[in-house]
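Spelled out from the first residue to the last, the chains are:
Protein chains: 2
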Amino acid sequence: MLLMSCKRAFARAPQARRSVSTTTIFSHPPPNLSLKQLAKLTTPELLIKLGYIAQPNSGLTHWLPLGQATLENVSGIIHKHHKDAGCVEVSLSSLSHSSLWAKTNRWQNNELFKLGEYCLAATAEEEITSLVTPHLNSYKKMPFIVYQITRKYRNEKRSRGGLLRGREFVMKDAYSFDAGKEEALVSFEKMNDIYAKIFTDLRLPFVKANADSGDIGGDLSYEWHIVSEVGEDTVVECPECHACGNVERVRSEKSEGYVDESDVSYYLNENKELICIYYPKGRKLSLKFVKEEDLVEIDEQFGEGAKALSLFEETNNANDNLMTIYRLCDVNVGPGSKMPDLPVTFSKNHMITFQGLDITEAQEGDICSSCGTGKLKEMKGVEVGHTFYLGEKYSAPLDATFIDKDGSKKHYEMGCYGIGVSRIVGVVAEILRDEKGLRWPARIAPLHVSVIKSGQAEDAGADSTAAFDGFIARLTGRGVKVEVDGSEDIGFGKKLSKSKMIGVPLQVIVGKLVPLVEIEVRGVFFSETFRELHESKKGEWNWSVEKSKSGEDKHIVDIAFADQVIEALLQDM
Amino acid sequence: MLLMSCKRAFARAPQARRSVSTTTIFSHPPPNLSLKQLAKLTTPELLIKLGYIAQPNSGLTHWLPLGQATLENVSGIIHKHHKDAGCVEVSLSSLSHSSLWAKTNRWQNNELFKLGEYCLAATAEEEITSLVTPHLNSYKKMPFIVYQITRKYRNEKRSRGGLLRGREFVMKDAYSFDAGKEEALVSFEKMNDIYAKIFTDLRLPFVKANADSGDIGGDLSYEWHIVSEVGEDTVVECPECHACGNVERVRSEKSEGYVDESDVSYYLNENKELICIYYPKGRKLSLKFVKEEDLVEIDEQFGEGAKALSLFEETNNANDNLMTIYRLCDVNVGPGSKMPDLPVTFSKNHMITFQGLDITEAQEGDICSSCGTGKLKEMKGVEVGHTFYLGEKYSAPLDATFIDKDGSKKHYEMGCYGIGVSRIVGVVAEILRDEKGLRWPARIAPLHVSVIKSGQAEDAGADSTAAFDGFIARLTGRGVKVEVDGSEDIGFGKKLSKSKMIGVPLQVIVGKLVPLVEIEVRGVFFSETFRELHESKKGEWNWSVEKSKSGEDKHIVDIAFADQVIEALLQDM
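For the protein sequence lines, the chains are G and S, in the order given.
Taking my numbering, the leading residue of the first sequence gets 107, the next gets one more, and so forth.
Taking my numbering, the leading residue of the second sequence gets 107, the next gets one more, and so forth.
Hints should not be assumed to be uniformly reliable.
Identical chains share a label here; the pair holds if one copy fits it or two copies do between them.
Stated by the list, open to error - Listed next, the in silico BS3-like pairs over lysine-lysine satisfying Cα-Cα at most 25 Å (straight line):
| id | residue 1 | residue 2 |
| --- | --- | --- |
| 1 | Lys644 | Lys618 |
| 2 | Lys542 | Lys660 |
| 3 | Lys499 | Lys247 |
| 4 | Lys600 | Lys247 |
| 5 | Lys394 | Lys483 |
| 6 | Lys303 | Lys486 |
| 7 | Lys296 | Lys511 |
| 8 | Lys247 | Lys287 |
| 9 | Lys155 | Lys246 |
| 10 | Lys220 | Lys263 |
| 11 | Lys247 | Lys155 |
It should be emphasised that the hints constitute simulated quantities derived from the structure, not laboratory data.
So that you can see chain G by itself, here it is in the shape it has in the complex:
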């Protein structure tokens, strides 16, 4: 039997896993891509080419070293802000039993991956509530917020390439438990604050969009969007009061007058009676808002437009022209508005008209319904988070209770809060990439700095070697993730372009200028506080800034101070 005799420092081990290299087989040698070819690749294709991920099947992701490091960095920021706020981390089983989901009527969901009586967890309201209930037995123990970052599953029929809509994905989900509604809303606001800090730290342009039906200033559910031209969602924001909402959900104030021309959409109800909906030409009808008016029951299985009309015509003929026709008019359609003729035969039909309905989506230029003055701006976004106030939606059907101050049993007041962690990796890749490849904010980049030696560096002798080793040691000591690319099968130029394509924020070239080094800037500056340091130290550190051949900023500085310059630049990136 071998016995143990190891005497290494006991607390250091876990850090080792964070090292990452661009020279594993997955990322090296770099792909031979012309700028033209690169531009044609979708972002998922680019992530695959560069060795961040692999996709064995539609909607599934293998995380390779660079991708996993990036994912862990995003996770790290999310962990930090949850821990700082006192949230308790758990990690639940991915398998969840049907009995719990049946209680909340969610077992029938077609998007659950099922294995007999179990499903692969898509979210964890039921499991978490059932887990905490025996422990969270008194109002004194609340507020209580618990969270996890784990893989989640959704049997997504429309799964797309890449990280935006997968069947397996990494999600942060948090759940708050409170003794009353007032306290629950405090927890809800606290979580919204955490979200703002996380997205700020991730260096992402974000908006917190109202996701409640109704007023743009509603406050019980928010979608968190990364603002991007490539977004699938449209959100509107008020420049005056900063209220913001998804156009699919929130209402705006429209102008008071009637439009000249109206558009129309046709639907049927379950009796195949005709529903004609009139709204201003050029605006987008919101069926959701129509349904919320609760005036007619649209049956979408009968289709819309021409299909609905022809089905009505047929049924109406068979019923001796006696079927009812409903006409719904938007608030901006009325006297003076030109309305399309009804393209069906109607004679004895009863016609019912509703007017003054608010049934179109908000759009650029509408008046903000929250402050009543601002003119809404429209933008595209990708949803990466959601915060919900839930009330007793889950605690009541699960009969999850605690003992309140007055000794009575009460259901928890809950909230739930999601962030698509793997989705964020995909979105950042998408919105920051340029013609040369990926670009990562420093705090989520898998590597901060690639150090590349030119031929001259090798010939410079022992003094230079000592200076170089000291430089690398100081960088590492500052928490900078650095790789010295010593691969022998590709040359200097290829190493440089590989590092840039992969999106490493800084490339340091050690060569002909020694003891000066060149720092090429590949990443994006989100702030420019380094300029102050530059002003005060440029002389002492021999630090100049010029443009590189490729048009990017290039910093030239004495190797003895290069670590400090690099740290300052990274803080801004």
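With chain G held as given, fit chain S onto it using these hints.
Below, chain S alone, put in the same frame as chain G:
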């Protein structure tokens, strides 16, 4: 739109997640357990009571803060040694498509959890091979070793409570790829070295047991066992040459003589002919070895013993007593051995006898088949790891090839290497627990030190507070995971016993002796190098050692040096 303006240090975030507390609702207040009640709990029950894990359903685990921290510490050590050796980390999708498993004839495995055309990955030979093949196209890129620590799944019918045999579990799996058999065996040995380092670092008494059929000194597959009385497996080890093997798999040399008395087991073959197997009374028959002799085909569906005999009797009667009877005799059963009478009617039956077979398991006292001299020692073990040399077992059916030196296409020579990460947490809990609760080796303990203030500490004024804060800061600076238990709902004694029950290695009491503090030792010493420090510093640091009321070692030392004493003690624990 909110824009980002955060200027925090960019590289620190990920560390935050490692903090853990014993005062979350899952572990606080501590359970009211008498020592008698505690002793009756199984280890899984104890882990649940103390808030390490929850088990929502048989074989499934929710990881709670203490359990997750412990699991991460074990993972951290495993990561460290794989990274140090240059293994490349990935993280594969948990869903894997049937087409790959069909190629290696593993799709029919009943223990795979299946969802339509996908399964939940139980292991990743197919996926990894298919993932690396496009990249690993030349002998120049090998050896290549890739690994991951992820959840794995097995539709285990016999799933047990706790962490030993779950349907979902955390596993480290690594895969080596080489250009030839010789190189593959180098990788295999390298992985075995990594395993020895990991288990040494985990402070666990382990053995590397031969898992090849045959000679105890075989070298192409090893089981890694934690030695423990609670183990399910029996392994034998040679004190001379240190060869070691699982008794279910390896052969030993038995004495040369015939025993006085033999035992017998009865089986049938597929024609319901009787098979009588004679072996020394008191030894364990190995059906595996019988099958390896390839003399008769045992059909286990017909049962054994009385059941087999009665079925034979019935069939033999119907066949006019003409059925064959096979007699297999162990090498130590022969002339002079008393053999049980055959308890069935036989008259015209043909009887076939085989003699000199090696068909019993190795046991304590047998001669080592590897060195031929040592007398084997027997011990119980729990298997926590396995290393396999695979050859072309997977690369051939998957047709996974590379270009070799001579320009020819060849299949990879592979190896695969598993460690049950969550299982290790369960095994350590089991083997180190005592009558007071859990005990963790310092390097995997969720917390290293609980600091508990007694009433007197609160009254001691500002000087004392500054000394206390400095002490905590120095501890943290040394990488010691410390919690100051400030919970107000339980008293001093309960805090102390809670920390001990949870298995925190050291309890520091700050109170009546200030500026001296008391350090109670709850954990296990694996070495005692601290004694040297004690000899040289006991005077200067006012450091004495005595027994606490509960019989454990207690160190008393000036608070100004307590952090150094604690670090020294933890290094040994």
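Going down the list of hints, with the structure as the test:
In this homomeric assembly, lysine 644 and lysine 618 come within 25 Å of each other (Cα to Cα) only inside a single copy, at 20 Å, whereas the closest approach across copies is 57 Å. Proximity of lysine 542 and lysine 660 under a CA criterion of 25 Å is satisfied intra-copy only: 16 Å inside one chain copy versus 63 Å between copies. For the homomeric pair lysine 499 and lysine 247, the shortest alpha-carbon distance inside one copy (21 Å) is at most 25 Å, but the shortest distance between copies (56 Å) is not. In this assembly of identical chains, lysine 600 and lysine 247 lie within 25 Å of each other by CA distance solely across copies; the values are 19 Å between and 59 Å within a copy.
In this assembly of identical chains, lysine 394 and lysine 483 lie within 25 Å of each other by CA distance solely inside one copy; the values are 22 Å within and 76 Å between copies. With identical chains, the CA atoms of lysine 303 and lysine 486 are at most 25 Å apart within one copy only, with a shortest distance of 21 Å there and 53 Å across copies. When the C-alpha separation of lysine 296 and lysine 511 is checked against a cutoff of 25 Å, the pair qualifies only within one copy, where the shortest distance is 23 Å, while the shortest distance between copies is 62 Å. In this homomeric assembly, lysine 247 and lysine 287 come within 25 Å of each other (Cα to Cα) only inside a single copy, at 16 Å, whereas the closest approach across copies is 61 Å.
Taking the shortest Cα distances, lysine 155 and lysine 246 sit within 25 Å of each other only across copies (21 Å), while inside one copy they are farther apart (54 Å). In this assembly of identical chains, lysine 220 and lysine 263 lie within 25 Å of each other by CA distance both inside one copy and across copies; the values are 14 Å within and 18 Å between. Taking CA atoms no more than 25 Å apart as the test, lysine 247 paired with lysine 155 passes between copies only; the shortest distance there is 18 Å, against 50 Å inside one copy.
When the structure is compared with the earlier hints, no violation turns up for any of them.
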